[in-house]
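*Asks:* If you want the building blocks of each chain, they are given just below.
Protein chains: 4
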Amino acid sequence: MYPPSIQKLIDLFSKFPTIGPRTAARFVFYLMKISKEEVEELVNSISNLKKTVKICSFCFNPFEGEGELCKICSDSSRDKSLLCIVEKETDLITLEKTKKYKGLYFVLGGTVSTFKKKDIEKLKTKELGERIEAHPEIKEVIIATNPTTEGEATALYLERLLKPLNKKITRLGRGLPVGAELEYADEETLGSALEGRK
Amino acid sequence: MYPPSIQKLIDLFSKFPTIGPRTAARFVFYLMKISKEEVEELVNSISNLKKTVKICSFCFNPFEGEGELCKICSDSSRDKSLLCIVEKETDLITLEKTKKYKGLYFVLGGTVSTFKKKDIEKLKTKELGERIEAHPEIKEVIIATNPTTEGEATALYLERLLKPLNKKITRLGRGLPVGAELEYADEETLGSALEGRK
Amino acid sequence: MYPPSIQKLIDLFSKFPTIGPRTAARFVFYLMKISKEEVEELVNSISNLKKTVKICSFCFNPFEGEGELCKICSDSSRDKSLLCIVEKETDLITLEKTKKYKGLYFVLGGTVSTFKKKDIEKLKTKELGERIEAHPEIKEVIIATNPTTEGEATALYLERLLKPLNKKITRLGRGLPVGAELEYADEETLGSALEGRK
Amino acid sequence: MYPPSIQKLIDLFSKFPTIGPRTAARFVFYLMKISKEEVEELVNSISNLKKTVKICSFCFNPFEGEGELCKICSDSSRDKSLLCIVEKETDLITLEKTKKYKGLYFVLGGTVSTFKKKDIEKLKTKELGERIEAHPEIKEVIIATNPTTEGEATALYLERLLKPLNKKITRLGRGLPVGAELEYADEETLGSALEGRK
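Protein chains in written order, with the working numbering: chain P, 1 to 198; chain V, 1001 to 1198; chain H, 2001 to 2198; chain E, 3001 to 3198.
Hints in this document: simulated from the structure, not taken from any laboratory. Given the structure is predicted, the values throughout are model-derived calculations rather than measurements. For every residue, glycine included, the Cβ atom is placed at its ideal position computed from N, Cα and C. Incorrect hints may have been included.
Said to hold, decoys possible - Taking lysine to any residue pairs in the SDA-like style, the calculated list, with each CA pair at most 25 Å apart, reads:
| no. | chain 1 | residue 1 | chain 2 | residue 2 |
| --- | --- | --- | --- | --- |
| 1 | P | Lys97 | P | Lys198 |
| 2 | V | Lys1080 | V | Ala1134 |
| 3 | V | Lys1008 | H | Ala2153 |
| 4 | V | Lys1054 | P | Glu183 |
| 5 | V | Lys1122 | V | Tyr1184 |
| 6 | P | Lys54 | E | Arg3078 |
| 7 | E | Lys3097 | H | Lys2122 |
| 8 | H | Lys2100 | E | Gly3191 |
| 9 | P | Lys167 | P | Glu137 |
| 10 | E | Lys3088 | P | Met32 |
| 11 | P | Lys33 | E | Phe3058 |
| 12 | V | Lys1071 | H | Lys2050 |
| 13 | H | Lys2050 | V | Ile1034 |
| 14 | H | Lys2015 | V | Thr1090 |
| 15 | H | Lys2118 | V | Tyr1184 |
| 16 | E | Lys3051 | P | Lys124 |
| 17 | P | Lys100 | V | Lys1198 |
| 18 | H | Lys2036 | V | Asn1048 |
| 19 | P | Lys126 | E | Met3032 |
| 20 | H | Lys2122 | V | Val1039 |
| 21 | E | Lys3036 | P | Glu127 |
| 22 | V | Lys1008 | H | Ser2074 |
| 23 | E | Lys3198 | H | Ala2153 |
| 24 | V | Lys1102 | P | Arg197 |
| 25 | V | Lys1015 | H | Met2032 |
| 26 | P | Lys99 | V | Tyr1184 |
| 27 | H | Lys2116 | H | Glu2066 |
| 28 | P | Lys124 | E | Pro3003 |
| 29 | E | Lys3080 | P | Pro3 |
| 30 | V | Lys1071 | H | Pro2004 |
| 31 | H | Lys2033 | V | Glu1130 |
| 32 | E | Lys3100 | E | Leu3082 |
| 33 | H | Lys2071 | V | Ile1034 |
| 34 | H | Lys2198 | E | Pro3136 |
| 35 | H | Lys2008 | V | Ile1046 |
| 36 | E | Lys3097 | P | Pro4 |
| 37 | H | Lys2071 | V | Pro1021 |
What the hints assert, rightly or not - What follows is a list of derived Cβ distance ranges for each label pair:
| no. | chain 1 | residue 1 | chain 2 | residue 2 | range |
| --- | --- | --- | --- | --- | --- |
| 38 | V | Arg1078 | H | Glu2096 | 56 to 64 Å |
| 39 | E | Ile3034 | P | Lys71 | 23 to 31 Å |
| 40 | P | Phe29 | E | Pro3136 | 29 to 37 Å |
Just chain P, with the same shape it has in the complex (with noise of 0.2 Å):
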């Protein structure tokens, strides 16, 4: 139905997280519609992105800059007994925004729904028990995966990876978030809201 190269471009705008077939032809539309400058301008970012951005060799979070550490790796004012494992870069920007935490991030990159070695394997599993074991002044590990099956599944298999390490391990508080009601919380949700009373 489209011309090829408006096909094609639809197809590898349909790859992008979360977007369709019909959000990519809209977005191919737009293209067309602003100015070659600002194409250039898109068509540069996204070249240049691989160039100017680092991988943290520690927490695996992208950062630009010097070095090998990111900005918040890097900050010798970051409380270094405190890992907290994430499964995705977006999650790390949220709790940062928190301005609640002030330890350390470890950048999972992903969750797994089965403990099947192939699903494990894509998991930075093994270099974060490279990095606990390497940095004793870890004391606790938060377990930060989404309270969903498959963030729970992950905290299980994270728990029992990590067990032999010896360090506190924690998990995210349970509990009712704002604007919940009462009379549609789960029992679960209930139960961890009136035991973290305080």
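Mind docking chains V, H and E on chain P? Use the hints.
*Replies:* This is chains V, H and E only, laid out in the frame that chain P set:
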């Protein structure tokens, strides 16, 4: 549009919580379809409700049976040192279902969005104060209002009101509910989840 | 969890269309809060419903008043050559509100998802055939079932059933509803909108 | 929070239709994860878009290939007496997919919510008038704007604009879409469905 006696009943059902005129109309047509015996059963159940069901003289929860106290309030195995204030009867039931709470309850009868005298008088705050003063065995008062704007305002009001009584005052724990994703959590919820990690 | 007479009423309200046990519970607590007079008014309205309201002997729409025919069926200004078959009473009311239809109605009493004898017998198809045969002045039969899967199956069944009666049989027009967007319309709807352009 | 070159790309993706900063961030992390070859493929596709794709000199639809006319406009089997005005390119594709329309199109380039000169000048109304005047074989102009408030206002404006050209002017048919329920249909839609019965 509807015959007067149908319209009258639509108007009465439209006053039921969450019900608009469209659903109210469906209720009436449902009643016209069921058997005479089923209508009678419903009518008798409604008529007998206020005769059979009593309001607990301590917690204001409806109950059936002998005496002035509901099953929870008259249960000697419940922990009398804990008093949990809920907005409404269904919240009490929801908390009971968790089987994590063994103390007593107090049904406040609603929430306030402002601290206007007129609004506050709808709540059983006077009775709440009396109960706590009359029962020195109460050590902790758990304010289990919803973490919504109105629930928070009500909790704030109750905290001020109860402060002079010198009891431990707690609130339900904030955190991530089952199934949540960090990325979409608000900063306050996530901050609480971090602080409440365990 | 609830006292028996509350649970009983919750069970009865849970049979109401669209109502689950949670909303049913809120209904009961609503009834406990309103005055004795208001409860009596409701109970009387429900009790009197079947006494006051009659079912029209032609169209099966409920009505109040003298005679055997409802206000629409006994209105001499209505166009007796048109018969509109609707699934349920509220659909009749919805069509009346448009003020675009001046013919008569027939309330079928439901839809079928299969052509099983057992399912079809719940509908007033026998009476429908009798009405049309007894009223040769009917020229057009409008099948106004919902354009849902069940409504379509029912319409198909009715078309076959009524074919031998040699009346003009029509269906409500398909097209784009107010507020729709072409982009999200299904192909059948859009095709009909193109064909039905004017 | 993000390194500058990531933030820059988040800002650029946030300008894409329907995309907010959160999804834009996920796009960037997606780009960081895919291979260098895949990034290059994307960048080349975007860069080549404006070089390869031309805008049809008749209907303003993008196309690829020889000449000045798109595949539809240069297809001698299409019905040249019909011109269908659509808001945007994706609406054209959606209509083509129905396979019910065999005439020509004209991509208006948007809608107006007011009849302000400034707003109207964004649309290709001048070119539309020129096309119709230059092509006396056009007998019917179908205004296929969305049945939304903006689409309706635009249709009204176009009807006034095209009136002096003495062509048959039609609109897409209103009615019930597939899957709709009478009970929830607005009166205008239902009135059209009644009038358009067949």
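*Asks:* Against this structure, judge whether each hint is valid.
*Replies:* Hints and how they fare:
{"no.": "1", "hint": "P/Lys97 - P/Lys198", "in the structure": "holds (24 Å)"}
{"no.": "2", "hint": "V/Lys1080 - V/Ala1134", "in the structure": "holds (12 Å)"}
{"no.": "3", "hint": "V/Lys1008 - H/Ala2153", "in the structure": "violated (35 Å)"}
{"no.": "4", "hint": "V/Lys1054 - P/Glu183", "in the structure": "holds (23 Å)"}
{"no.": "5", "hint": "V/Lys1122 - V/Tyr1184", "in the structure": "violated (36 Å)"}
{"no.": "6", "hint": "P/Lys54 - E/Arg3078", "in the structure": "violated (55 Å)"}
{"no.": "7", "hint": "E/Lys3097 - H/Lys2122", "in the structure": "violated (40 Å)"}
{"no.": "8", "hint": "H/Lys2100 - E/Gly3191", "in the structure": "holds (6 Å)"}
{"no.": "9", "hint": "P/Lys167 - P/Glu137", "in the structure": "holds (10 Å)"}
{"no.": "10", "hint": "E/Lys3088 - P/Met32", "in the structure": "holds (12 Å)"}
{"no.": "11", "hint": "P/Lys33 - E/Phe3058", "in the structure": "holds (17 Å)"}
{"no.": "12", "hint": "V/Lys1071 - H/Lys2050", "in the structure": "violated (39 Å)"}
{"no.": "13", "hint": "H/Lys2050 - V/Ile1034", "in the structure": "holds (10 Å)"}
{"no.": "14", "hint": "H/Lys2015 - V/Thr1090", "in the structure": "holds (19 Å)"}
{"no.": "15", "hint": "H/Lys2118 - V/Tyr1184", "in the structure": "violated (49 Å)"}
{"no.": "16", "hint": "E/Lys3051 - P/Lys124", "in the structure": "violated (42 Å)"}
{"no.": "17", "hint": "P/Lys100 - V/Lys1198", "in the structure": "holds (16 Å)"}
{"no.": "18", "hint": "H/Lys2036 - V/Asn1048", "in the structure": "holds (11 Å)"}
{"no.": "19", "hint": "P/Lys126 - E/Met3032", "in the structure": "holds (21 Å)"}
{"no.": "20", "hint": "H/Lys2122 - V/Val1039", "in the structure": "holds (21 Å)"}
{"no.": "21", "hint": "E/Lys3036 - P/Glu127", "in the structure": "holds (23 Å)"}
{"no.": "22", "hint": "V/Lys1008 - H/Ser2074", "in the structure": "holds (23 Å)"}
{"no.": "23", "hint": "E/Lys3198 - H/Ala2153", "in the structure": "holds (17 Å)"}
{"no.": "24", "hint": "V/Lys1102 - P/Arg197", "in the structure": "holds (14 Å)"}
{"no.": "25", "hint": "V/Lys1015 - H/Met2032", "in the structure": "holds (14 Å)"}
{"no.": "26", "hint": "P/Lys99 - V/Tyr1184", "in the structure": "holds (16 Å)"}
{"no.": "27", "hint": "H/Lys2116 - H/Glu2066", "in the structure": "violated (38 Å)"}
{"no.": "28", "hint": "P/Lys124 - E/Pro3003", "in the structure": "holds (22 Å)"}
{"no.": "29", "hint": "E/Lys3080 - P/Pro3", "in the structure": "holds (22 Å)"}
{"no.": "30", "hint": "V/Lys1071 - H/Pro2004", "in the structure": "holds (12 Å)"}
{"no.": "31", "hint": "H/Lys2033 - V/Glu1130", "in the structure": "holds (22 Å)"}
{"no.": "32", "hint": "E/Lys3100 - E/Leu3082", "in the structure": "holds (13 Å)"}
{"no.": "33", "hint": "H/Lys2071 - V/Ile1034", "in the structure": "holds (24 Å)"}
{"no.": "34", "hint": "H/Lys2198 - E/Pro3136", "in the structure": "holds (21 Å)"}
{"no.": "35", "hint": "H/Lys2008 - V/Ile1046", "in the structure": "holds (10 Å)"}
{"no.": "36", "hint": "E/Lys3097 - P/Pro4", "in the structure": "holds (17 Å)"}
{"no.": "37", "hint": "H/Lys2071 - V/Pro1021", "in the structure": "holds (22 Å)"}
{"no.": "38", "hint": "V/Arg1078 - H/Glu2096: 56 to 64 Å", "in the structure": "holds (57 Å)"}
{"no.": "39", "hint": "E/Ile3034 - P/Lys71: 23 to 31 Å", "in the structure": "holds (24 Å)"}
{"no.": "40", "hint": "P/Phe29 - E/Pro3136: 29 to 37 Å", "in the structure": "holds (31 Å)"}
The structure fails to meet hints 3, 5, 6, 7, 12, 15, 16 and 27 from the earlier list, while all remaining hints are met.
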